[in-house]
Amino acid sequence: MQTFPNAGGGAIVEAMAARIVENRAYLSEIDGKIGDGDHGVNMAKGFGLAAERLAGRDTTLAEALALLGDVLMGEIGGSMGPLYGMMFTEFAEAIEGVERIDAALFSTMLHKGLEGVQSIGSAKVGDKTLLDTFVPAVEAFDAATGGGRSFAEALDALVEAADKGRDSTIDLVARIGRASRLGERSRGVLDAGATSCALILGSLAEGAARRLS
Amino acid sequence: MQTFPNAGGGAIVEAMAARIVENRAYLSEIDGKIGDGDHGVNMAKGFGLAAERLAGRDTTLAEALALLGDVLMGEIGGSMGPLYGMMFTEFAEAIEGVERIDAALFSTMLHKGLEGVQSIGSAKVGDKTLLDTFVPAVEAFDAATGGGRSFAEALDALVEAADKGRDSTIDLVARIGRASRLGERSRGVLDAGATSCALILGSLAEGAARRLS
Amino acid sequence: MQRFINDPDNVVDDTVRGFVKAHRDLVRLSETNRRVVVSTAAPRQGRVGVVTGGGSGHEPAFIGYTGKGLVDAVAVGELFSSPTAKSFHDAIKEASGGAGVVCLYGNYAGDNMNVKMAQKLSQKDGIEVAVVVANDDVCSAPPEEREKRRGVAGEIFMWKIGGAKANEGASLEEVRATAQKAIDNCRSIGVGLGPCTLPAVGHPNFQIEAGTMEVGIGHHGEPGIRVEPLKTAAEVARDMARIVLDDHALPSGTEVAVLVSGLGATPLNELYILNDTIEAEIVGRGLSIHRTYVGNYFTSLEMVGATLTVLALDDELKRLLDAEAHAPGFHQA
Amino acid sequence: MQRFINDPDNVVDDTVRGFVKAHRDLVRLSETNRRVVVSTAAPRQGRVGVVTGGGSGHEPAFIGYTGKGLVDAVAVGELFSSPTAKSFHDAIKEASGGAGVVCLYGNYAGDNMNVKMAQKLSQKDGIEVAVVVANDDVCSAPPEEREKRRGVAGEIFMWKIGGAKANEGASLEEVRATAQKAIDNCRSIGVGLGPCTLPAVGHPNFQIEAGTMEVGIGHHGEPGIRVEPLKTAAEVARDMARIVLDDHALPSGTEVAVLVSGLGATPLNELYILNDTIEAEIVGRGLSIHRTYVGNYFTSLEMVGATLTVLALDDELKRLLDAEAHAPGFHQA
Ligand SMILES: Nc1ncnc2c1ncn2[C@@H]1O[C@H](COP(=O)(O)OP(=O)(O)O)[C@@H](O)[C@H]1O
Ligand SMILES: Nc1ncnc2c1ncn2[C@@H]1O[C@H](COP(=O)(O)OP(=O)(O)O)[C@@H](O)[C@H]1O
Ligand SMILES: [Mg+2]
Ligand SMILES: [Mg+2]
Ligand SMILES: [Mg+2]
Ligand SMILES: [Mg+2]
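Same order as they appear, the protein sequences are chains A, B, C and D. At position 73 of the first sequence the residue is numbered 73 (the numbering used here), and the sequence of numbers has no breaks. Start counting at 1 in the second sequence, then tack on 213, and there's your number in the numbering used here. Start counting at 1 in the third sequence, then tack on 426, and there's your number in the numbering used here. Start counting at 1 in the fourth sequence, then tack on 759, and there's your number in the numbering used here.
Careful, some of the hints might be misleading.
Listed next, the in silico DSSO-like pairs over lysine-lysine satisfying Cα-Cα at most 30 Å (straight line) [what the hints assert, rightly or not]:
#, chain 1, residue 1, chain 2, residue 2
1, C, K550, A, K112
2, D, K990, B, K246
3, A, K124, C, K574
4, B, K246, D, K907
5, C, K744, D, K827
6, B, K246, B, K377
Estimated spans, in silico, between C-beta atoms of each pair [claimed, not checked]:
#, chain 1, residue 1, chain 2, residue 2, range
7, D, S930, B, K337, 55 to 65 Å
8, C, D741, D, K875, 46 to 56 Å
9, A, G183, C, D435, 27 to 37 Å
10, D, D1073, C, Q549, 50 to 60 Å
11, C, D435, B, V338, 34 to 44 Å
12, D, D768, C, P655, 15 to 25 Å
13, D, R783, C, G628, 40 to 50 Å
14, D, Q882, C, G710, 37 to 47 Å
15, B, T321, D, R1078, 51 to 61 Å
If you are wondering where the hints come from, they were derived from the structure by calculation, not from laboratory data. For glycine and all other residues, C-beta sits at the position ideal for the given N, C-alpha and C.
Using the sequences plus the hints, can you model the full thing?
Given below as structure tokens:
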């Protein structure tokens, strides 16, 4: 059975943060089309801060995710602070103290994060939010493992579904958040949060996959 | 000896006002280069108001000038209100109650107006103001009559000198008013007040000349 | 946009520092959180604490309303972005004088989430927190969905009245109910003539074509109900008053307070020009104006535009609105 | 420029009408001159009357300073243009309570002429008029020609202190001398980042290139001492403080009051960012700050930019500055 170690997993979060910071301008540009154009700024600030604090430290994935969650929750504010803050805090709690993470625990972690986001944001799939990336990604992961596929294959399925979910937001009309005021005008462009969520889940899955043994 | 009647002279002031109103944009444009761009607006407001009040009334030149002076002084403000207000009020006082105006009285009128402007504004020739039009115009008028030329010829001399005086301001550096803060940067353009003054004196001279008998 | 800023990422910290220096007599920075501004009079033992918070860029809102007879502590967010749950929580702690704390804030997704979390955290500390969510912006949702409407300049009346009620020694439930009544009695509308730019973004994230205006615009440039050719001030003012009053539907004879606020870059004289017609329109409906406020009370960086808020008064609201208050952005004798 | 106006030629009348409606409790329109705004408390029998006046477009200056403990009557000019002699004269008559009137205004050619004429007209009425001409703008002439300098935001301190002195029942000569001392103790500087447009003209009459700033700009866009690349807020604030303080040359230990005013379209948060460094610079010179005012106190339509005024205090000026005052644009408890 494939597993990956919690130890040293801080590097996964650092790579994730680097990916978000790289996409600062892109995420803001997407948000600018139907939101207020600050999604990249907000995200890069939070993830950049977390990366600074992780730099040079050897942390477990659980520790790094907890730190990221704390930074988002305690220093970022906006909508992303609590939503992603909840997500990472719940992720961290799910794997805290565990030596190695298997597919089942990884699924539990995803579900706890998702519940955290939903408990606070009360958005649904189809509302044109990050949930349109997150929900199908989790479902694809579960379907793959349930279908007997390996942890590695399930992570690939997760990434694929996340990207598809992100792209699905193009055709959606926003029903929550700033963009919802636009009604039909919000159709035709990606959702910023869905895009950043695909980057996050992609980094996480890649990092996990590379460490599987 | 040539003279013109005070009676019916309101039409001269109405024509003068029309000339100023026509040149509203032009005067503001000149003022905009080194001042605050409102000379045409200010002038058109004052002269326009006076014209409205004169319309349909048969006034003497003295009455019309007094009304114009009152409007400028009482309703226009800025620098032009008191300066031109003084000028027209003094013009009016000089010819008040007189039946016909000869060259000598016309000269007295010009001098009293000039003194009025100078008493309040304390500018000198060469400061790049309306005095660069007014002073040489008055001098040319006096020189012509002193040299034995007719009232009509003296009025021509006045107009010619006013226009030359106006043009002389192009090469001057402003030493008073808003433009003076520009120093050397004020050289190379006409002075707005010198330009409006040439329009005023031109209208006055033309109106007088046309009525001479 | 030409600006006086240092690092665009530090705009909020630099602002708050300069603000606290300027108004030392009225406010201080929390010792534990540099994103919490506290009245020098807070906490007031035995009194209900009054807290608000919201994104920055709306100055004098929110920080400018920290003071005597107004708000006790303010949670400060990034530009146009909700403060953290932690900042709301810290503001609540600073304001707490043992009689509970009321959090009076505006209806935005981020603020809702962060206040909800802060409320939970505070309850763990044993501080009872009541909340009132301002939703005075009539163009942000139809009347049947009033709970979806954004909070805008009506928040100022909610703070003023909530602050005065707390000052009178009322209970938490009384303060909450009165602040709720204040915002229930408010209707606002914004009209945008020009966009604003978040310094870290560097270009406006919405456009208003020259010669047009956005009727019903939100405090962050959220689109309104229609874009139309820019009309005369009298026509715009009449439309604003009508939209607000039609939604309000007040019986003739009602006394109201009027607030005309600039959005940042509209000169004050234009607000007075609007007020000239607004007042005529309100009086024309048989209402009587008890007080008028005109100024930059709730802005959106350098947005060009204005908002109108009409608050319907009863005897209690009138007394509380008229009470003395002193804050950096709001002085009333 | 996108604006809320009706006929560009009626901007001032529309403004004044809307202003008087908004602030009925504090001001009224003169019955004889629609360009004169009068405090509801004026004339005050046996007290020296305090008058000011100037071009419009600087709101809340000048009209916003009409009130209790401030100015009794204000003569209102066209946009950026001196009021008429008649309006100054009428303002003087409205303010006259039999003990003389002091006219506290700014050093501009038109105002000088119109006040001089009004003074003559008033003396014919038997009203003694003393004048103080503000000249606090350091960049408008070198120190040897201080009498040529323009009056800018320091006028607010002159009005505040003159108004408080008159309120104490001082004689005309005492009020004049104290207001003169106030302005003598003021130094100001403006920095412009963006131009403004007179509505009737329709385009800016000066330019500020993007990426540059005009250091020493006047309240009507008069050019300053240099155009330079726009620097960080901290650098600009330091330059502003230095230019003002170098000209001022105050002994260490002097107490000062600080006024940071926006020029119209600069968001309030940027003024606080400037204040953060200004305060550090002032304190760094060994001066101590008694009071700071930050806001849109004296604007230039929608000009982008800010001014700094530093007033050196002595015991008398401090007492008078601290005195209570209530006017539409200035409330102090
Ligand atoms: N209730 C919610 N649940 C999940 N995601 C949400 C919710 N509200 C907003 N979002 C996400 O937030 C994103 C915008 O984030 P951001 O621009 O950082 O915040 P803001 O809208 O406050 O400026 C949207 O693209 C959307 O995906
Ligand atoms: N002291 C003065 N004496 C004579 N003319 C003057 C004086 N000061 C200014 N002027 C004239 O005033 C003109 C500007 O008038 P205007 O633009 O209407 O007023 P403002 O300068 O107040 O905007 C200048 O072009 C100059 O000719
Ligand atoms: Mg956003
Ligand atoms: Mg001019
Ligand atoms: Mg945002
Ligand atoms: Mg002018």
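Task: Enumerated hints in conflict with the structure, sorted upward - done: Going through the list in order, the structure violates hints 7, 11 and respects the others.
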